[in-house]
Each structure stands twice: as structure tokens, then as C-alpha cells.
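Undergrad: Once you have looked at the hints, place chain B on chain A.
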Amino acid sequence: MGVTRLLLTGNEAVVYGAIDAGCRFYAGYPITPSSEIMHLMAKELPRIGGVFIQAEDELAAINMVVGASWAGAKAMTATSGPGLSLMQEGLGYAVMTETPLVLVDVMRAGPATGQATKPAQGDVMPARWGRHGDQYIPVIAPATPQEAYDYTIWAFNIAEELRTPVIVLTDEFIGHGREVVFRRTDIELIERRKPKSRDEPPFGSDDPRIAPPMPVLGEGFYVMVTGSTHKPMGYRDVHSFETHYKLVIRLKEKIWGNMNKLFKYEVYGEPDRAEKAIVCFGSVYRSALEAWRKVNKDTVLIRLNTLWPLDYDLLKKLLANVSRVVVPELNLGQIIYDVMASVDADVEVRGVNKVGGGIPIYPSEIIEALKR
Amino acid sequence: MVKHPSLNYMREEVLPTAFCPGCYNGIVMNALFEAFRELNIMDLRKFVFVSGIGCSSWIPSPYIKADSLHTLHGRAIAVATGVKTYNPDLEVIVIGGDGDIASIGGNHLIHAARRNMDLIVVMINNQVYGMTRGQAAPTTPHGMRTPTTPYGNPEYPLDIVSILVNTNANYVARWCVSNYIQLKNTFKEVLSSINRGLRFIEVYAPCVTYVVRREGKSPGQKLRELMTKCIPYKKYMELEPAVREKYVPVGVFKAEDKPGFVETYRNYARKAMER
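Chains A and B are the protein sequences, given in the same order.
Residues 135 to 506, numbered by our numbering, are exactly what the first sequence covers, in order.
Residues 27 to 301, numbered by our numbering, are exactly what the second sequence covers, in order.
Next up, chain A with everything else stripped away, as it sits in the complex (with noise of 0.2 Å):
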């Protein structure tokens, strides 16, 4: 059981973490703050048999990573904010074919080209919701360089185990933060499930919440891969109810039936006891965690490390008792609506914001919030 020392960025960690869980393809296109990750994989994947290439948009480099992931590849890319948004009919497109693949957004100051060098988390809800028709698509939040390489590992688990792209969240924060990472070898991976002849349905189950096998191309399986409308052997049906609402309904309970294996989140204090909440994500939880320390009598600090799927029932209990919640966010407030959803009336919600120039936002400011 190896386990070496390096002094990592986030980004360089992500590339780590990706190699480690088998990635072989690398697609992508230059964009701030999330270059070093093409970058190392552009030094790495060659050498150890891999495939890198810089494609000519982010258009062609998403559906690039979905091609080499049915040819059988652990297949990646990484983006920001503008990258995202031109990546999202391609992630739909993975959702509906239930291609495996994973996308890291470094997240930047927008909209449009906005601060490309300054952190910020505004991508929150483009993850979730960025893309037309009814998909979902699983979207996890590290918030150091440990946990970008531990995430990115976690991220190929889920995306092998449910064929369905994940979104790692993390910002310029994190990716060009330096801190020690442990790799390991130990790991435990995830590997997609081929079908047994081909007459097992590649887009069925019985179980919404199990995968269907996933057939590799060149293999005599004749699969009939289509982002429209198809029936559980991949023939199109663009024309009945039944077809497509049992898919979508299908697709959908493949992600929200995980909700145990999905949702990671971590609670510090004593949630029965306190009167005040601070509930957070990704890098912001480092400032949050230093406040909570600060006042930890009366407040229970809530970090979600899945955005989605989010346990509601769960963060309902949590906040159960509490009268205020604090919700700073490195953008103009979106996980706060997960808090309002889960509150009752009479509590009071509020948000901490700031974004631009790359300013965190400070302990001091949590804990002001806390007080007023």
C-alpha cells in the first residue's frame, strides 16, 4: 500500500487522481483557471499509453470524450465557466446516451468572459440545470488539492458504476492552491459493466437504480447508440409516451435512487442544540470551517460536499431546530435556495456574497452574519 507525497496544485491533482482511476483520454480546449490540468495530462497520457488531444472547440472536445468513453476509454475533460456553457448540449447528449465520462469545471468570475484568472462559484446551478430537458447529472464539490485528487477518483466511480457524466465543481482557488496531496495505490475502482450477449438491453434495466451494461464499440454487440428517444435495445421511438417517459423517469431515478451512495456531507457541532447554521461548499468551506471554530457554542456548520443530487429530507432535519442560517457563497447566491427550501418561514436565511477580484470571502464576515 503505496502512498507518496507531492506538493500539488488542485489542478495538478485533478490530472493525478484521473490517471489513477484509469483515465486514458483527454480532450479539451485552453481555458483559464483550468489550463494546468491539460497541461499535465498533455505531458502524462502519452506516456503511459493514453490519448491527449487539444481539440479545436469545447464543442468537439466533450463529444471527443464521449466517442473514445464507448470505445471503451476512461475518458475526461476539463473547462470554466464560458467552457461549461459550450459544453452542455454535449453533456446532455452523454446524459441521454448514458455515457460515463467526467468533467471538471474550474470555476472563474462570470458571466460571459468575466474575471478568467479570479475564483468564484457561480456554476452551481449551470451544473445542475445548464442544459435543456429533464437530466441530471451527478455535480460534487472538492475544497483543497487532497480532496480535487480524492474527488476526481470518486467522480470515475460514480460515472463508470451509473454511466452518467459527473461534474467535479472546484474554482481557481483550489486549482492553483499548492498544498501536500497524498497519492495512493490502494485505491478502489469502479469498473463499467459489459453486456453478457447482444440481446441484453444496453439502455434497460429493470432496476432504475442499476445501470444497464454498456456495450464496447467493435465488439460485435451492433449497438445503436442515439440521443433521441430510444427503447431499451436502442431502436429511436420519437413518437410515444410510454417510451420516452419511462426513460427520463428512468434516467432521472438512476441519479436521485442513489441519493446514499451520492450525497457526501459533513456536520460540525451539534445540530439538535444549535440556534445558528452556516451551510457552505467548496473552497468557502475552508473560511466557514475557521468561523465555526470561532463560535461554535450556539452554531452548527453544514458543508455539502455532493450539490447534486441534494438530500432535502436530510438538510431539513439539520436545520430543524436552528432560527438563522448563514450561507456565504462565492457568487450572488445560488445554494442559498436549497436552504430556503429546507427551512421554515420564520427562519432566517442569510446569504454572505462576494465575487470579483479574487477576495475570499473572510472568517470574519461569516462570523459578523452570524451576530447581526
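Cut-off 30 Å, straight-line C-alpha distance, at most; resulting in silico cross-link-like pairs (BS3-like, lysine-lysine):
#  : chain 1 : residue 1 : chain 2 : residue 2
1  : A       : LYS380    : A       : LYS395
2  : B       : LYS260    : B       : LYS272
3  : B       : LYS261    : B       : LYS214
4  : A       : LYS365    : B       : LYS29
5  : A       : LYS488    : A       : LYS505
6  : B       : LYS280    : B       : LYS260
7  : B       : LYS284    : A       : LYS177
8  : A       : LYS398    : A       : LYS252
9  : A       : LYS328    : B       : LYS72
10 : A       : LYS365    : B       : LYS72
11 : B       : LYS284    : B       : LYS261
12 : A       : LYS398    : A       : LYS505
13 : A       : LYS365    : A       : LYS328
14 : A       : LYS450    : A       : LYS386
15 : B       : LYS297    : A       : LYS177
16 : A       : LYS450    : A       : LYS428
17 : A       : LYS395    : A       : LYS330
18 : A       : LYS330    : B       : LYS72
Short derived list, chain B residues pointing at chain A, Cβ under 7 Å:
#  : residue
19 : LYS72
20 : VAL74
21 : LYS91
22 : SER94
23 : ARG101
24 : VAL105
25 : GLY108
26 : VAL109
27 : ASN133
28 : ALA295
29 : ALA298
30 : MET299
Derived, one-sided and incomplete: chain B residues facing chain A with beta-carbon distance under 10 Å:
#  : residue
31 : LEU70
32 : PRO88
33 : ALA92
34 : ARG141
35 : PHE287
Hints in this document: simulated from the structure, not taken from any laboratory.
Don't be surprised by glycine CBs; every beta carbon is placed ideally from N, CA and C.
TA: Just chain B now, kept in the frame of chain A:
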């Protein structure tokens, strides 16, 4: 009962096709299947067909009995690039229309040509967006009336062949759907050298519903017209420029044998491993 030999390559359970009566897609399919048969390729298990959105994108999905990826509008070449580069043993063929490959997916085509990506790309140019009811495409002739150019197309068409000739792509050909034998022979030629860079074939095949019938012609009449309209490139160049627009130059415009992306990348990776 004797079966039509092309049925060997088709999913019979989904027939008849959804194509309009007289649609030239059938001729293109038959030429491709006959090329397979003459090359003695009876089983397509090592072939992967990738298509986007549009009538001609339906040729492989669902009609061809092989692995097929029916992708987003315009993205077939990108998906095919992912498939081919990760598993170069697969023979990857993209089939699509002019809207899919030259308009919304035009960037991917140009960059696949730049990379000399080891793919066969068949672009069936029907001059309009047939699936969505005949709107103007980048290949629609100047002055042609369509639902989006009701007063006659104010724009000029794009000649993809002349663009690709000036790229790193190895092979560029154009045939009209009336040049059945030449088209079949071109398919045979590219299938025999499938792992050697980008092989692009444009098939000029006007949409029978939204171009041919609007001209008041039957698909058969139009085919006969194409027989005189489609002339070898050399003959075309000898014409006065003013009369050229009445004709479609056909032939093999470029046939080179430079290494494709797969080989180039393999050498690149070897260098990386030595470091």
C-alpha cells in the same frame, strides 16, 4: 427466395426506411454496400458508423447493421475522432448531410482535415435542410427559393471540396448520385486505405422533395439531368467561367498518402515514452 444482397448489411427489422419515395440516399447506401461486397467485407463488426442529425444521418442509424453513434447535430466528426483515436483498430465512417457537416459541424471538418484524421467522411449534399422541411443550407445555390429564402437565396454556396483540397486531408472526391459506378469505386478505394488519413467524399444528391419536386421534376428526370450536369473536373475547367455555374465538377480532386493522425500520434507518443 433470393434476398437483395444489400440486406446483408442492413437491420431488416426497421425497414422500410423513412426516406421519401425516390430519395437518393438509397443509391448512396447501395453503392457503399456493393463496395463492401466487392471487397469481400461481409461483416461490419470492426466498423463504427457515426452520424449527426439530418436525413442522411439516418443511413447508419438505424439502417446499417453495425455499431452506430447517432450524435448531436454537427458533432459526428468530433465523436468519431474520439472513437478512432482511442481505438485505432476500428474503421470509423461518418455519414451526414451538408447542413450537419458543412454548416453546424464545419469547424470539426476543417480540423479533422488539418489533423488528417483517419476517418472516412461521406457528405451527402442535398442542397437544403431536408429533415426540417427544406430551409436554405450553406450549399443552396444563389437565388434558390426555400422557406427561409422566400425571395431567392441572397447568399452564395460553399464549395467544401475546394476548401478541403487546400488542407492536409489525404483524399477528396466528389461524385453526383448519377455517377453510381464511380461512387462505388471511390468507396472501394477509400475502404481499402481506411487507416490512411482523412478521406472525404461529397455526394451531390439534391433533395427529391424540397429541391427536385419544387423544380417540377421527378427523381428519375433529375437523375437524367445530373448525367449531363455533372462533368469531370478537367472538362469543367475548360468551360468559360460564366457557364460553369450550370455544371457540377466531379472526380477525385486529391489522393495523397501522407500518414494520418493515428500514425503521427503514435510516433509522438513514442517520443514521450523515451523522455
